[in-house]
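Undergrad: Please model the complete structure; the sequences and the hints are all you need to start from.
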Amino acid sequence: MAVYLDNNSTTALEPEVLDVMLPYLKDIHGNPSSVHRYGRLTRNAIEQARHQVANLAGAQPEQVIFTSGGTEANNLAILGALSNKVPAHLAVSSIEHASVIEPAKILINSGWKLDLIPVDAACNISAENIESVVSDDTCLISVMMANNETGVIQDIKHLNQHIQSEKVLFHSDASQVAGKLPVNFAEMKIDMMTLSSHKIYGPQGAGALIVNRSVELEPIIYGGGQERGLRNGTENIAAIVGFGAAAELAGQQIEDINKYLRTMRDALQSELANMPGITLFAAQSDRLPNTLQFAVDDFDGEALLMHLDKQGIAVSSGSACHSKAGIPSHVLLAMGVAPELAKNAIRISFGKHNRMDDVHVFLHALKEITLTQHQSMRVG
Amino acid sequence: MSNLKLPIYFDYSATTPVDERVAEEMIKCMTVEGNFGNPASRSHAFGWNSEEAVETARGHVAALINADPREIVWTSGATESDNLAIKGVAHFYQKNGKHIITCKTEHKAVLDTCRQLEREGYEVTYLDPEPNGLIDLNKLVAAMRDDTILVSIMHVNNEIGVIQDIAAIGELCRERKIIFHVDAAQSAGKTPIDLQTMKVDLMSFSAHKIYGPKGIGALYVRRKPRIRLEAQMHGGGHERGMRSGTLATHQIVGMGEAFRIAKQDMQEENERIMKLRNRLWDGFKDMEEVYLNGDFEHRIAGNLNVSFNFVEGESLIMALKDIAVSSGSACTSASLEPSYVLRALGRSDELAHSSLRFTIGRYTNEEEIDYTIDLVKNAVNKLRDLSPLWDMFKEGIDLNSVEWAAH
Amino acid sequence: MAYSEKVMDHYENPRNVGVLNKDDSNVGTGMVGAPACGDVMRLQIQVSDDGIIENAVFKTYGCGSAIASSSLVTEWMKGKTLDEARQIKNLDIAEELALPPVKVHCSVLAEDAISAAVEDYLKKQAG
Numbered sequence: 001m002a003v004y005l006d007n008n009s010t011t012a013l014e015p016e017v018l019d020v021m022l023p024y025l026k027d028i029h030g031n032p033s034s035v036h037r038y039g040r041l042t043r044n045a046i047e048q049a050r051h052q053v054a055n056l057a058g059a060q061p062e063q064v065i066f067t068s069g070g071t072e073a074n075n076l077a078i079l080g081a082l083s084n085k086v087p088a089h090l091a092v093s094s095i096e097h098a099s100v101i102e103p104a105k106i107l108i109n110s111g112w113k114l115d116l117i118p119v120d121a122a123c124n125i126s127a128e129n130i131e132s133v134v135s136d137d138t139c140l141i142s143v144m145m146a147n148n149e150t151g152v153i154q155d156i157k158h159l160n161q162h163i164q165s166e167k168v169l170f171h172s173d174a175s176q177v178a179g180k181l182p183v184n185f186a187e188m189k190i191d192m193m194t195l196s197s198h199k200i201y202g203p204q205g206a207g208a209l210i211v212n213r214s215v216e217l218e219p220i221i222y223g224g225g226q227e228r229g230l231r232n233g234t235e236n237i238a239a240i241v242g243f244g245a246a247a248e249l250a251g252q253q254i255e256d257i258n259k260y261l262r263t264m265r266d267a268l269q270s271e272l273a274n275m276p277g278i279t280l281f282a283a284q285s286d287r288l289p290n291t292l293q294f295a296v297d298d299f300d301g302e303a304l305l306m307h308l309d310k311q312g313i314a315v316s317s318g319s320a321c322h323s324k325a326g327i328p329s330h331v332l333l334a335m336g337v338a339p340e341l342a343k344n345a346i347r348i349s350f351g352k353h354n355r356m357d358d359v360h361v362f363l364h365a366l367k368e369i370t371l372t373q374h375q376s377m378r379v380g
Numbered sequence: 001m002s003n004l005k006l007p008i009y010f011d012y013s014a015t016t017p018v019d020e021r022v023a024e025e026m027i028k029c030m031t032v033e034g035n036f037g038n039p040a041s042r043s044h045a046f047g048w049n050s051e052e053a054v055e056t057a058r059g060h061v062a063a064l065i066n067a068d069p070r071e072i073v074w075t076s077g078a079t080e081s082d083n084l085a086i087k088g089v090a091h092f093y094q095k096n097g098k099h100i101i102t103c104k105t106e107h108k109a110v111l112d113t114c115r116q117l118e119r120e121g122y123e124v125t126y127l128d129p130e131p132n133g134l135i136d137l138n139k140l141v142a143a144m145r146d147d148t149i150l151v152s153i154m155h156v157n158n159e160i161g162v163i164q165d166i167a168a169i170g171e172l173c174r175e176r177k178i179i180f181h182v183d184a185a186q187s188a189g190k191t192p193i194d195l196q197t198m199k200v201d202l203m204s205f206s207a208h209k210i211y212g213p214k215g216i217g218a219l220y221v222r223r224k225p226r227i228r229l230e231a232q233m234h235g236g237g238h239e240r241g242m243r244s245g246t247l248a249t250h251q252i253v254g255m256g257e258a259f260r261i262a263k264q265d266m267q268e269e270n271e272r273i274m275k276l277r278n279r280l281w282d283g284f285k286d287m288e289e290v291y292l293n294g295d296f297e298h299r300i301a302g303n304l305n306v307s308f309n310f311v312e313g314e315s316l317i318m319a320l321k322d323i324a325v326s327s328g329s330a331c332t333s334a335s336l337e338p339s340y341v342l343r344a345l346g347r348s349d350e351l352a353h354s355s356l357r358f359t360i361g362r363y364t365n366e367e368e369i370d371y372t373i374d375l376v377k378n379a380v381n382k383l384r385d386l387s388p389l390w391d392m393f394k395e396g397i398d399l400n401s402v403e404w405a406a407h
Numbered sequence: 001m002a003y004s005e006k007v008m009d010h011y012e013n014p015r016n017v018g019v020l021n022k023d024d025s026n027v028g029t030g031m032v033g034a035p036a037c038g039d040v041m042r043l044q045i046q047v048s049d050d051g052i053i054e055n056a057v058f059k060t061y062g063c064g065s066a067i068a069s070s071s072l073v074t075e076w077m078k079g080k081t082l083d084e085a086r087q088i089k090n091l092d093i094a095e096e097l098a099l100p101p102v103k104v105h106c107s108v109l110a111e112d113a114i115s116a117a118v119e120d121y122l123k124k125q126a127g
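Residue numbers (this note's numbering), protein chains in the order written: chain A, 1 to 380; chain B, 1 to 407; chain C, 1 to 127.
Watch out, some of these pointers could steer you wrong.
[Unchecked claim] Distance condition first, Cα-Cα at most 20 Å in a straight line; then the derived PhoX-like pairs of lysine-lysine:
(1) C:K78 / C:K22
(2) A:K26 / B:K5
(3) C:K6 / B:K321
(4) B:K199 / B:K285
(5) B:K394 / C:K78
(6) B:K5 / B:K321
(7) B:K263 / B:K285
(8) B:K28 / A:K26
No wet-lab data here; the hints were simulated from the structure.
TA: Okay, here's the thing in structure tokens:
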């Protein structure tokens, strides 16, 4: 029996959501740009999804731009907002997902100055941290709402209030928060926010950038005029419809899920806290209810993952997108964790399909693996 | 009048229904029991199974076009592929020159991208096609310069269905070491593509034009000689760094299956569709003042683009609510502008306004064709009875000699 | 494009389609628009000796709203005096047919056609 504990990487599509998508994968096939009836049917479906996603985000439907996913939304936020401006300065947090950090670095080629906003040892970003890098010519700040590895949540509203200047755009990647905690774009008064469908039991292939209409955005993909010309290309209707349905469902279930995830995570955490040779990361910080990152002394994270996988348990060492590189997590390094320890990191992320029994299965496997391996290492 | 399901779908170039076989493969990936993992997760079986499914699909796409699977980069669709190819080459090779050649009848994904590059300081030559929609190779050669870094020409035009001589253009580009990009969104599965013999460096594909799902496409990037690109979406390093972002496994699997079916059925399907298309044209061609747009011979089987002179396009579409057709490209039909493709062929505004694009596909049948011939003929006749221009034409008045009070 | 029921009705059953002899002294002809713009309206009126519009006919090349606008005005003009006919304003037409903003120009064209037909008739009478 497989145990999937990697829900921050991707979540299983909710069967209810699949049911809503199926007609759009099979029978309803119009191009939303076509004026005939087939086109209108799909156009209406997209607009309904726009409302559903806006509701989950605490935003207005007209602020929602559908993209192919969170990565594209982050790229659109950074590159789209800045590519037409005279190069100046931007700052992104040092713990951002690669899809924020990499486009920010690309801008250096065209003359932009980039600063990474530091975090403290508990993965928190303070207003002072931001002040330390912001200057008069700062045009954009990007701080993620919750980190995908440690799960630590930033107080975006507070951080944004602290930025006095009107001309600084504030973007926040909320991919990991939506569906787990309430998100309110309007209340935070930020300019742009990223959401991803497959992190909330929706399909892969859809995401959204929520954009305040006052932001002058340039597309990164040209042609066709879809999404007010900001995201061109025929819309991925089934995925967008699924994203909408998943958003609606997530909104309805948010309180129950939050509690449910927290119960499992806290149970695992208290067990781990009592085990010798285990380091929990950012465990005292305000975190997503489902996420727990830790390291086992003298046990390489990648090796541990492989052993767990043999027993049918899926976890991660952090962001899935890093796993090919084999380098320690940039998030842990930014927190000041020693590289040797960071290399041992394991991330557990629960989802609503997990059961309390999964915690026990995992703990049992972990104990067995670490015990056997330590023994064999001694023998060897 | 029996089993006709109305409105009859004649808009296969805008998008196609997903083939049932494709939908089945996709759904397998979308359940908790199936391959729902993130293919970039290297640490567990959920991720590996997805990766295997993705690689199988890559093989299917490569097989249809006789390419190496390692030359296929997944994207969110042909629009993104066009953007990635054109901007990617322009930015990477800008030290070699900043001149690009394309054609006025390209898709907006190519034209709008070129416009953006012009804003960035590149120079773009927009070739005029011949009146039949084909490019005169001599004019192309004449436009090539020492600082030309890229030629982008579509294989099959989305509005008029004409097939450009990609093989010949490829030779001309390769001789001059100019990179050649082809938008093949409308040609894959409809006309043979062999990238072992065709000297194409980059080729854009879409799944939803060949019975696959929307939201997925691919860019072919040649390995020998190696073509480099600057990525336009960053972070995560997916697709060898050329296109970051979590891949939608079910969509990739769907595209793979669609391409597999296309390779298997293309020849037979083309013959069937060609017969239907010719039957439709036979139904129209003897009417007065009917014009075929685009070359008839160098044309994919499924496309018929016709102008009915002295009839206004929108009112014609209104009379044809039992069929789903397009008057020009789907992407521009929300505006009242006449088709820019037909204008580029030198068609008058009136003829451009009165054009209908019929695109025929896998699920079109003979009964639908016959019904449509009657429907269109009746509508055209009715609207011509209403048309003062038709009266004037019948009286022998040259409409170009009339001084119209423009408003 | 969603059309109102009234537009659909006029489009499917246009009233007073036809041609009058433009050389007759009691016939006024107005032709407005241009093929390149996508609409041309020809409106003709036949006026009785006491200045009443006895008959009105049209032919229109254009979208459904253009056809409906011209069909509607032929109905409205019949039985009116020339002055009364000239009181028909584009907003009345747009309102009656519930034309969306992008189609309001069709009603403007219909108003222009009325003026042109009336002027053509008056010019003939003066000449």
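Undergrad: Sort out whether K26 (chain A) lies within 20 Å of K28 (chain B), counting only the CA atoms.
TA: Given that 20 Å is the threshold and the Cα spacing comes to 14 Å, the pair holds.
Undergrad: Measure nothing beyond the straight line between the CA atoms of K78 (chain C) and K22 (chain C); if it is 20 Å or shorter, mark the hint as holding.
TA: Roughly 18 Å between the alpha carbons, so the hint for K78 (chain C) and K22 (chain C) holds.
Undergrad: Within a Cα-Cα threshold of 20 Å, do K263 (chain B) and K285 (chain B) meet the stated pairing?
TA: violated (33 Å)
Undergrad: K6 (chain C) and K321 (chain B) were given as a pair; does the straight-line alpha-carbon distance stay at or below 20 Å?
TA: holds (17 Å)
Undergrad: Holds or violated: are the alpha carbons of K5 (chain B) and K321 (chain B) at most 20 Å from each other?
TA: holds (12 Å)
Undergrad: Assess, step by step, whether the Cα of K26 (chain A) is no farther than 20 Å from the Cα of K5 (chain B), and give holds or violated.
TA: Cα-Cα ~16 Å, so holds.
Undergrad: For a C-alpha distance cap of 20 Å, please report whether K199 (chain B) and K285 (chain B) respect it.
TA: Roughly 37 Å between the alpha carbons, so the hint for K199 (chain B) and K285 (chain B) is violated.
Undergrad: Does K78 (chain C) sit within 20 Å of K394 (chain B), going by the straight-line distance between their CA atoms?
TA: Given pair K394 (chain B), K78 (chain C) is violated - Cα atoms ~28 Å apart, limit 20 Å.
The structure shown violates the earlier hints numbered 4, 5, 7.
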